[in-house]
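Protein chains: 2
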Amino acid sequence: MSMLYWEDFTVGKILEFGGYEVTEEEIIEYATDFDPQPFHVDRDAAAEHYFGGIIASGWHTGAMCMRMMVDGYLRDSASMGSPGIEQLRWKEPVRPGETLHVKAEVLDRSLPKSRPQLGFVKFTHTVFNQDGKVKMTMISSGMFLRRPDGAVATEARQ
Amino acid sequence: MSMLYWEDFTVGKILEFGGYEVTEEEIIEYATDFDPQPFHVDRDAAAEHYFGGIIASGWHTGAMCMRMMVDGYLRDSASMGSPGIEQLRWKEPVRPGETLHVKAEVLDRSLPKSRPQLGFVKFTHTVFNQDGKVKMTMISSGMFLRRPDGAVATEARQ
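Protein sequences appear in the order of chains A and B.
Once you know that position 6 of the first sequence is 6 in the numbering used here, the rest is easy, because the numbers rise by one and skip nothing.
Once you know that position 65 of the second sequence is 65 in the numbering used here, the rest is easy, because the numbers rise by one and skip nothing.
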């Protein structure tokens with residue numbers, strides 16, 4: 001895979017990737033560190049709870065999505081991080097035994113005037129399980145370096 | 001601390017808590033699992049990068065915020081999880097050696113008609129370091145059970 005720069009994230013571009021196997025062990029381990037609410041860490045309390053069993057912390061679901069994003073396209077990109085999230089919805093609980101996949105779509109992109117070497121890309125990421133059930137949706141932006149030759153050409157025009 | 005129900009989260013209520021010590025070891029461990037981009041996991045690559053050193057994954061910063069939220073008020077509340085995030089901004093990178101604190105403020109709250117036993121509370125959470133520098137802001141909602149006697153009174157009125 002060649003290096004992905006801002007120019008490569010055209011509006012409407014779709015990327016599909018994933019295959020993250022969710023285990024109870026990892027759900028409990030993550031939540032013990034970062035979100036130790038009973039329905040994430042205590043098997044018995046979770047069974048009695050509204051959710052009817054252990055569910056992943058929403059932050060864990062986001063983190064699993066992030067790992068799939070890195071493996072799916074960020075590792076081979078000129079990623080410069082993210083300024084933030086515009087909307088995130090935890091649609092359904094994520095449970096042990098599920099396998100998660102992601103569909104990413106480029107919604108919009110822009111070039112800040114202040115930093116000519118990079119650009120913003122706005123994505124929607126949808127996390128779904130092995131049955132196509134949507135678990136999480138997220139609209140967020142990433143920053144990517146511009147393709148070096150493109151940047152030179154743009155600077156030459158200014 | 002007595003149990004916090006939906007009724008206890010009045011608009012304008014402010015909660016301050018935290019004291020999370022950020023270590024390079026934990027930043028690298030978290031990012032190795034969930035966000036293995038060079039500026040999160042590779043000390044040498046990070047030093048050469050725009051960020052000038054290892055920085056925490058944004059998901060890790062969110063997770064640290066979540067842990068402070070659980071310790072700060074959720075553990076003693078009738079929390080029923082969260083439907084999502086309306087806006088999250090990673091304002092400045094989080095670096096090893098910082099100590100994080102959180103200020104939470106109740107922005108709004110509402111009662112869904114479909115589920116009379118619970119209510120929504122919209123918060124803004126601001127994560128800042130030991131010098132008061134803002135690192136992350138988040139507007140999100142939580143679901144909480146209604147105080148049992150309050151729920152009975154409301155149902156009686158309907």
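Since the hints were derived computationally from the structure, they do not count as laboratory data.
Among these hints, one or two may not hold up.
Repeated chains share a single entry, so a pair holds when one copy, or any two copies, can fit it.
To be verified - Computed cross-link-like contacts, BS3-like style, restricted to lysine-lysine with a CA-CA straight-line distance of at most 25 Å:
id	residue 1	residue 2
1	13	91
2	103	133
3	103	113
4	91	113
5	133	13
6	91	122
7	13	103
8	103	122
Note that the coordinates shown come from a computational prediction; the quantities given were computed from them, not determined experimentally.
Go through the numbered hints given earlier and state which of them the structure violates, listing their numbers in rising order. 3
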